[in-house]
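Asker: Residue strings, one per chain:
2 protein chains.
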Amino acid sequence: MEKKNLMYSGKYFQGTREELLKRVNSVMSEKRFRHVLGVEKAAFHLAEKYGEELEKTSIAALVHDYAKEKSDDEMIALIRESAIDNKILPFGNNIWHGIAGVEVITRELAIDNEEILQAVRVHTTASSQMSLLDKIIFVADYIEENRTFPLVEEARKIAEENLDFAVKFELIHTLEHLIAQNAKIYPQTIEAYNTWVAGMK
Amino acid sequence: MEKKNLMYSGKYFQGTREELLKRVNSVMSEKRFRHVLGVEKAAFHLAEKYGEELEKTSIAALVHDYAKEKSDDEMIALIRESAIDNKILPFGNNIWHGIAGVEVITRELAIDNEEILQAVRVHTTASSQMSLLDKIIFVADYIEENRTFPLVEEARKIAEENLDFAVKFELIHTLEHLIAQNAKIYPQTIEAYNTWVAGMK
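Those sequence lines, one after another, are chains Z and D.
For the record, in the first sequence the residue sitting at position 56 is 56 according to my numbering, with numbers rising by one throughout.
For the record, in the second sequence the residue sitting at position 178 is 379 according to my numbering, with numbers rising by one throughout.
One or more of the hints may lead you astray.
As a list, the in silico DSSO-like pairs of lysine-lysine whose alpha-carbon atoms are at most 30 Å apart [said to hold, decoys possible]:
id, chain 1, residue 1, chain 2, residue 2
1, D, Lys385, Z, Lys201
2, Z, Lys87, D, Lys369
3, D, Lys385, Z, Lys70
4, D, Lys385, Z, Lys184
5, Z, Lys22, Z, Lys49
Since the hints were made in silico from the structure, they are not lab data.
Quick caveat: nothing in here was measured; it's all calculated off a predicted structure.
Could you put the whole structure together from the sequences, leaning on the hints where they help?
Answerer: Have a look at this one:
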């Protein structure tokens, strides 16, 4: 199937894929938009391999970074006025754009499917509970064709073989990378690590 | 001053240092007892350097691993019957022996000084809030003379120069070590890392 012509049913987004692409393109740089298209392509591949619906996969991939280029002021105001736990405030937009990005997507794109929103919510942090769609977006974001970091080929190979192993690999190497940079680590990422890597029940 | 003859005042423990040593020796292997003496020695050095009271330092060092060789069953029963958050249960005795060890120390040794108990509580996990005594025991446990891991000489050198940098160094390399082993990470250790390494307020 030619995924570029994927027909949306209208169940999740009131418009065509082309219309959603235009909306997404309008809120980000060309470079980020290329990344988003790369995530959709990688996510389609994983969805076909592991059995996820393509329409939900497409929409989650296309909107996952929708709030990434909002200003800090706008995101902070949004977090303060919404029901989102203010504890995320010190973590910056690397964390905000998923968890609080869901608010932006709901308001500006009228997307309210909880599976899609949850995949956006956890696409950077991961979570101790992850659906198939959550895992697909989390991994696709890491391995899409524009990524060039040293371990990406190994990550791609693992994703071909076992999606849970790919989640585990990504968590380990994301944490190593954050620690090497002395960067903040979001507590939920450690819960995810304890579950998916350390096997905690 | 000859620290082996350090006189206890009776304020924190109802007995002499020799009596406490005997009690500690009776609940652990010879190897662990040597480690405990090494921690006391390193902690005395740090206490003199950074200005902590030697008596509290001695007692905290001597009792820090007091519960390390209790059986899992005994520790689990203790956690279940006490006010300790049951969320620590999946983390095993590496975590229990500090947090729940305090219960054992209070009951069996009648030590109730909160500064000493807190240093025991956080000696493995660290914490986003650490007193001078907490830092001394945390670092002394890592650098004492019986430790032989590759980075220990660097850790010792840093501890001579700046105690906070030594806490930071230990947190970074402890997390790296846990991740390399795919071992569980206690959430409070990430809070400590976010504070002492990533500079989160």
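Asker: Against the structure, test the hints numbered earlier, and report the numbers of the ones violated in rising order.
Answerer: 3
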